[in-house]
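**Student:** Residues per chain, in single letters:
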Amino acid sequence: MKYSSRLRVRRVYRWCEEPLSFNRKLKTHEYRSLAISVEGLPRTTVIKTGQHILIEGDDEDNPYVAKVVKLFSDESGTQKKAVVQWFARVSEVPLSKLKLLGREPHPQEIFYYEGRSCDDEVNAESILRPVQVKHLDGAAPFPDSVDKDTLYVKLSWDSKTFRAVDSALVEQDRPPCPKPSLPPSPPCSPLAAAPGSRGPSRRALPTPDLAVLRRALSGEVRRGRATMSAGKAGAAEAESLHSATKLSASKCLSAKRRDASARTPGVRKKLELSGPDNKSMICDDVLSQLLDDELESEVTFAQRMSSSPPQATPLTHSLTPLRKAHRAPAAEGAFPLKPAAIVLSKSSLSEMSPPSAARDDSSRELLDKSPQRGDVTEAGLPNGSVKTPRRRNGTPRRNYLTSGQKATTPSRKKEPKTLKEPALGVLAEVDNENSPMLPVATTPRSSKRKSAQLVSSRIRKQLNLLENQQDLNSDGEDEDEFVPSKKELQSSSEDDEDEAALESDEEVVLKKGRHAASGPRTPRSKQKTRSSTRTPRKTPNKKITPGTPRTPHRATPSIPSRSLPARQPANVLEEARTRLHVSSVPESLPCREQEFQDIYSFVESKIVDGTGGCMYISGVPGTGKTATVHEVMRCLQHAADVDEIPPFHFIEINGMKMTDPHQAYVQILQKLTGQKATADHAAALLEKRFSNPAPRKETTVLLVDELDLLWTRKQNVMYNLFDWPTRRHARLVVLTIANTMDLPERIMINRVASRLGLTRMSFQPYSFKQLQQIIMSRLNKVKAFEEDALQLVSRKVAALSGDARRCLDICRRATEICEHSAAKPSATGLVGMSHVMEVLNEMFSSSYITAIKCASVQEQLFLRAVIAEFRRLGLEEATFQQVFVQHQALCRVEGLQPISVSEGLAVCQRLGACRLLLLEPSRLGVLQRVRLNVSQDDVLFALKAD
Amino acid sequence: MSKRKVKDDHLPVGECITQVQDILRERFCRQQLPDRLEGVEAQHKHLLELLKRTAVHGESNSVLIVGPRGAGKTMLLKCVLRDLLEEKEAQKNLLQVHLNGLLQTDDRIALKEITRQLHLENVVGDKVFGSFAENLAFLLEALKKGDRSSSRPVLFVLDEFDLFAHHKNQTLLYNLFDVSQSAQAPVAVVGITCRLDVLELLEKRVKSRFSHRQIHLLSNPTFPQYLERVRTQLSLPDRFPDQEFCQDWNDGVETLCEDKSVQDVLQKHFNSSKDFRSLHMLLMLCLSRVSVSRPAIRPADLLEASRLCFTDSKANMLHGLSILELCLIIAMKHLNDVYEGEPFNLQMVHNEFKKFLQRKSNSMYNFEQPVIMKAFEHLQQLELIRPVDSTAAKTQREYQLMRLMLDHSQIMEALQKYPQCPTDVKQWAMSAFG
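So the sequence lines, in the order shown, correspond to chains X and B. Quick note, the first sequence lines up with residues 1 to 946 if you use UniProt numbering. Quick note, the second sequence lines up with residues 1 to 434 if you use UniProt numbering.
You may find that some hints are simply not true.
[Claimed, not checked] Covered stretches of chain B (chain X as the covering partner; in silico rule of three or more C-beta atoms under 8 Å from a C-beta of chain X):
(1) 91–98
(2) 202–208
(3) 264–273
(4) 306–314
[As the list claims (entries may be wrong)] Here are the simulated DSBU-like pairs of lysine-lysine, each with C-alpha atoms no more than 30 Å apart in a straight line:
(5) 112(B) with 671(X)
(6) 268(B) with 944(X)
(7) 145(B) with 97(X)
(8) 781(X) with 52(B)
(9) 92(B) with 145(B)
(10) 168(B) with 657(X)
(11) 168(B) with 144(B)
(12) 144(B) with 97(X)
(13) 92(B) with 144(B)
(14) 48(X) with 27(X)
(15) 160(X) with 144(B)
What the hints contain is simulated information worked out from the structure, not anything from laboratory work. Glycine is no exception: its CB is placed at the ideal position from the N, C-alpha and C atoms.
Please construct the entire structure, taking both the sequences and the accompanying hints into account.
**Tutor:** Pasting the structure below:
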């Protein structure tokens, strides 16, 4: 883990000047600005009041956004605090509320937060860096071609509604330090190990693609890390790089993510790790700016290359042939520019980089860049294979392509990042390289599957070809390095092997979808789908399909809507039937007032206190457990809406609606944040979410239905579910539902049962009076039943099971029967006793006796023979052979021709198929044993009757 | 021939026979739907109304059709669907998903099949993407998004319903029934099974969600109805091209059904099984004997067909055995008699056989042990005998305990028909003890 320890660069916070004022009452010093620097680096970032900042949070990809209102410290000056005005990101707004927006939120949109539920005082040491926030008019469109580190405010959000916001509230006093003008970019995050400054911050690029940017960022970060570790090892050989790759491949995802999160989109990376690179960076900047002037409109590799001089030489060389091959003549315009870029970069390379690499010897640099070359070739490859001639102007399409590539293999995956670098412009972490880390660093869900590997190996082959081609053209400088780096790619891709066909599937889908979707698709939708497939830390997007990341892009789970409208109930009986259907949601739940009250107060108290807890609810099926909890939630939600209690988040999972207990994590995470992850990963994310503090956290109420199905041998799913609420910062209330009262004692091991606690509630089966009341309340004065009929139904059901569903079903069937018999003149039109009796007969009488009565003569004889044999043996079991002897005898008595053994077996099998008899498998032939599945009395009764 | 050709609506006899066989085979094998169901009108009405309410009103329902094999469960459903789809309102709306417990052996396959048949959007071509968990989530989400009045109703037909109850956790059934009991997309779940105890297979919460509607198909036709059915099944329709032939054929069928021996045969079949599938099998055999030279079904054909239907398969196999193997079987039979069904081994059988040779035999002579062993193994391969305990491979083959899979009556019947069976062997078989 050496690299991670390296990563933990400490940020140092100090006040820039003397205290502005001293508050005697609170004993606090107020300051105007705060300087943040990273230990060991000379640069500092200055945060001033009125400026917008990013604040460390639990979601590292999306740090919290806020505006500094006040900076102060306590008397001694050790405790640095800041009072902030929060902004809410799209991802922080509950999915359900996003609907209120009435439009698709812009990925870079944030909302001025007016809620009261969160503390506006934060520890100044959680401040990451400044960010640029712009106010837009309500009607103004989101600027398209702006770079990613600007966030936009249009509306305010008070946890219930969106309102327009005054620009004065938002606008900051001073524009955040524009990066280009701040050459020694302040170390905004300790984690940003990338030793590179960014190019010019703003480029008119047609892709404000957040996902892309972010990915690019994270890719860079990882790359940066790789270099770092490699650099630390002090080895410039491929060996060390290789090991770094491996290391990173095996490293936990969280570390990776943390890195990634450190640099959110919209923030330029400013951190430099090692001095030597800085110089080269500067020259990069110059270079890239120069190039930008020329290539401004072009979003191509060339541009990226240009921004990264070290690679430029090989890249351009390798690229041009490729691109020409696949390019439409229309795109040619951009080409003439290139040579210049090449020249520039070449010169810069030759002149600048060797000296600049003071510690870093050139070989390392070469190593670093070589993989990038690999990238380029790869990038060229898929593009070419898909044949998109209009590469340049079709940026969206490009993205799309890249997403396809990404889906395939690790080696391809990194493509998007590198590809997007030009789009980032600023971000492009020029010199810091594209290290072999890249392939590994792709996504948490990097492909590890065999099939993916297959694809990747194929790609590699193609690459080989390309590479050869390239080598011919290239100036040979990097040739040696290129090969090893490729090997690294391979090895790293081999490292991850588990994740099966996921990616390849994805690719297929993507490809398939591509034809259909290329036209009307907007860059935005693309980025969404991509984000859904890739980084789970994306802003939750409503368009993300719930369960299917690998389904074609716009797959939305839905049943087609009907062509003709559903008919409305026409008469009283139909009306009654509609009301009696179990699915119809009643206005209130009668007969469960006490339970309702208990659950309500339990959950309410937890929400108000901001604590967590568990509750176990048991009861036989059909006693209203789930319905009551839902009712409680409806009421609480209403209370939250009218501001009686703090807002909360309700999610629900059902043990029966998942294929495996561990899917519970996936579903919880999905419903909580809209993210998509594998079970293990989801567990880790939830664990983190529930154990880390966050300034703005709503209580989560989790309903776990059919708890017993979450049982696993180790019981870790249950354990976690009950353990999270006990965490200090979790604010999680877990309501569990199962059928058996003693479930905790029966199936849970002690440590799980103990965490579940003793808050239990048991739903008793309904009594007949309650059932009657339920029906009455559902009918709600629709007069369709006679009193007696209702009473009969409820008494019968109460005696049998107390299951309200049963009761409603019986009533519904009774209305049908009543309707049929309504033709008779005597009928009153109301459901009477006779109808109910008929239904009860239909539903509860055993069909065995009728079945025996309807059986053929030989079958009846056989049953008789079975009983005779049982009596003879004194056992309840006999072999077919024994019974058959009896059967033959009976046949003679009855004057029938005896049947053959085959025929006898057939008769026996028919009875067995209906389960009148229980049989052994038929291959035992005459030796199979026979039992009755009905009582002997029933059989005799049925046989006697005719 | 020439005379017939004068009238133009006459076809050559060969042509007529081909036509007859076409028409009747269609009836017997293709399970052509009858225009009108007999004996199950009430059930038909119940099911039709139920499905209509789903299709037209968007009301969710679940129902089980229960009845013995060959009772016409699937036919009932098909007839109902045919009638239902005649209505335009239903036709335009209803989506159908047909599953079979024998094909969709677990929930994973079943889910893929459902998504495929529903043409949900995660289907590309014929492939369904995503893992099991995702498919489930996708389907549930899809169903959840629908509501009673706006989404198209879905009809789920689960053939061999009882097999679905054996899936892990009964996840599929739970979810289908849960959808049918909640305010989601309207569904109708129709299960078809022959198990009368199917409800006992359902887990309690699955059972609670099932509406407990069961349609029992327990038809109880009387023999005259059965005979009538034979008549109608064999009769040619009026639209048969050659009227004269048609008339002759139908008259022939009429006389056939009045024949005493034919009625006896049919009565025997009726006693054995009332379902029409076995009847069709019988009639099919008769039909195949109709040819140009014998352009009608005669009672003898029916008797022969019946004999074929009722033959004992095991006894038939005995006819193909060598005399030594037959002797061994007889020895086993005696051992069974002596030891009251206790298992035996090769050595015991061989001893019994040797005793017979010493005492009575004049036509048979002793065989070498390996020959006996070979014969014994052949019997085992034919599954006329089977080891008591298949795992006991440790014991030597000679001493492995076996059981006879034949009934005495089968052995005696086979002996009677065995060609050139030596008299002493027959006598040995008939004698009470060894």
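**Student:** Mind taking a look at whether chain X covers the stretch 306–314 of chain B? Criterion is 3 or more residues with CB to CB distance under 8 Å.
**Tutor:** holds (count 5)
**Student:** Within a Cα-Cα threshold of 30 Å, do residue 145(B) and residue 97(X) meet the stated pairing?
**Tutor:** 17 Å, holds
**Student:** Tell me if the straight-line CA distance from residue 92(B) to residue 144(B) falls inside 30 Å.
**Tutor:** Holds - the C-alpha atoms of residue 144(B) and residue 92(B) are around 21 Å apart, at most 30 Å.
**Student:** Under the criterion that the straight-line Cα-Cα distance not exceed 30 Å, is the pair residue 168(B), residue 657(X) satisfied?
**Tutor:** This hinted pair holds, its Cα atoms lying about 12 Å apart.
**Student:** Mind checking the alpha carbons of residue 168(B) and residue 144(B) for me, to see if they're no more than 30 Å apart?
**Tutor:** 23 Å, holds
**Student:** Does the alpha-carbon distance linking residue 92(B) and residue 145(B) stay inside the 30 Å limit?
**Tutor:** 20 Å, holds
**Student:** For the stretch 202–208 of chain B, do at least 3 residues have a Cβ located nearer than 8 Å to some Cβ of chain X?
**Tutor:** holds (count 4)
**Student:** Within 30 Å, alpha carbon to alpha carbon, are residue 268(B) and residue 944(X)?
**Tutor:** Holds - the C-alpha atoms of residue 944(X) and residue 268(B) are around 22 Å apart, at most 30 Å.
**Student:** Can the restraint linking residue 781(X) and residue 52(B) be considered satisfied, given a maximum Cα separation of 30 Å?
**Tutor:** 27 Å, holds
**Student:** Checking one constraint from the list: CA of residue 160(X) to CA of residue 144(B), max 30 Å. Satisfied?
**Tutor:** 25 Å, holds
**Student:** Is the listed coverage of the stretch 264–273 of chain B by chain X valid when you require three or more residues with a beta carbon under 8 Å from a beta carbon of that chain?
**Tutor:** holds (count 5)
**Student:** For residue 144(B) and residue 97(X), compute the direct alpha-carbon distance and say whether it is at most 30 Å.
**Tutor:** It holds: about 19 Å lies between the C-alpha atoms, which stays within 30 Å.
In terms of the numbered hints stated before, the structure departs from none.
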